[in-house]
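*Asks:* Listed below, chain by chain, are the residues.
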Amino acid sequence: MEIIAAVGGGAFVLTSFVTGLRLLWLSRTTRQLPEFVLGLGLFLMGGLGYPVMMVAELGSFLPDVARAGLVALNQLFGMVGLALVGTFTWRVFRPDDPRARTAMYVFAVGFVGAFAWRAAFGSFAPIALGGDQTPLAHTGLTLATLGWSGAESFRYYLQLRKRLRLGLADPLLTDRFRLWASSMFLAMLLSGISSVCNHLGIAFNTSTIGVLTVGVLGSLCSFSVWFAFFPPRFYASWVRGRAASGPAAA
Amino acid sequence: MSDSPIFDWVCRALEEATALSAIEARGTVRIALKKSGVTSAGVTPAQMQVVLKRVLPEELARRGCADADGVCTGLAQGLMEQHFDTVRSGESPEDVFARLGA
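As they're listed, the protein sequences go chains V and B. Under my numbering, the first residue of the first sequence carries the number 230, and numbering increases by one thereafter. Under my numbering, the first residue of the second sequence carries the number 303, and numbering increases by one thereafter.
For reference, chain V alone in the conformation it holds in the complex (with noise of 0.2 Å):
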């Protein structure tokens, strides 16, 4: 059972991790805010963010001080990482909507309160110790930015799928934006679930129920994520061919 955690947690914090980084790197040369901010989002969020959780939920040997504070620092990266992500969202589908504006800056008004609160009259103590759970703002604000980044991009890919038959587009670009749908939704799920789990007092990432959620749907993440901006050729071949074969195929 800890071997599926482990693909599954394991895939998405390399992934994460790698696909931050080059995103970053492509950001040094092109200047560009998009790639820095879902780069860093991503880098983050999951290579940094999740271990540092797994090290203050399983570790232990650490002193309850050393784990809370790991828990805070979990908290600021996924906080962070999430207002990045949003943000990247609201630049690239609706710079010029000044209701995506507004809403940015709900989120980070409504991530920096939740932080705040959490701070100064919960405790950031393991949930495996006793500890608070994320308070529900917090998790609101995380699903709500997590379904707003997948349904930009599922309409963006639906409108791309139109042009795709009349060989307005590249079959291999559309892809990206399903399969960069697709990981938002499932980390959605994965949180929302992770924060069910929580405030019914289930350690999360220590449960059965969390140890099959993080495998399957972190894997299936982790893939969407990969394929996304790694697409091996296999796959690359697989999506022309696909799209060559009939228009309904797209």
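It is possible that part of the hints are untrue.
Using 30 Å as the maximum straight-line C-alpha spacing, the simulated DSSO-like pairs for lysine-lysine come out as follows [as the list claims (entries may be wrong)]: (1) V/391 x B/336; (2) B/336 x B/355; (3) B/355 x B/337; (4) V/391 x B/337; (5) B/355 x V/391.
What the hints contain is simulated information worked out from the structure, not anything from laboratory work. Computed from a prediction, not measured in an experiment: that's the story for all the values here.
Here the structure of chain V is known, so what remains is to put chain B in place on it, guided by the hints.
*Replies:* This is chain B only, laid out in the frame that chain V set:
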């Protein structure tokens, strides 16, 4: 977002070439663009050429327009002779995602 000059030009030309009113012409072209996954604000001349050849004829025929193919061929030729000073307001999501892939 406002409609592109390409969209405006095609709608005006369609209104002149058929018995459609201005509102009907704009609505018909808008539907054809939507079916093609293109917006009236961001459509490029190349995209509009494809829409005129492959999507709009069917929409016009559905509205009882005589010689829908001929009308669209005429519009496509007329569009080729036009020059539009289109200024893109930043990158499209397609531009960004194309850059992000390995």
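*Asks:* Each hint should be assessed against the structure and marked as holding or not.
*Replies:* Consistency of the hints with the structure:
1. Simply put, residue 391 of chain V and residue 336 of chain B have alpha-carbon atoms about 9 Å apart, close enough for the 30 Å limit, and the pair holds.
2. Note on residue 336 of chain B and residue 355 of chain B: the hinted pairing holds, with a Cα-Cα distance of about 15 Å set against a maximum of 30 Å.
3. A C-alpha spacing of about 13 Å is found between residue 355 of chain B and residue 337 of chain B, which places the hinted pair at or below 30 Å, so the restraint holds.
4. Between residue 391 of chain V and residue 337 of chain B the alpha-carbon distance is near 7 Å, which keeps this suggested pair within the 30 Å criterion.
5. Taking the CA atoms of residue 355 of chain B and residue 391 of chain V, the gap is about 15 Å. The hint holds against a cut of 30 Å.
In summary, this structure violates none of the numbered hints.
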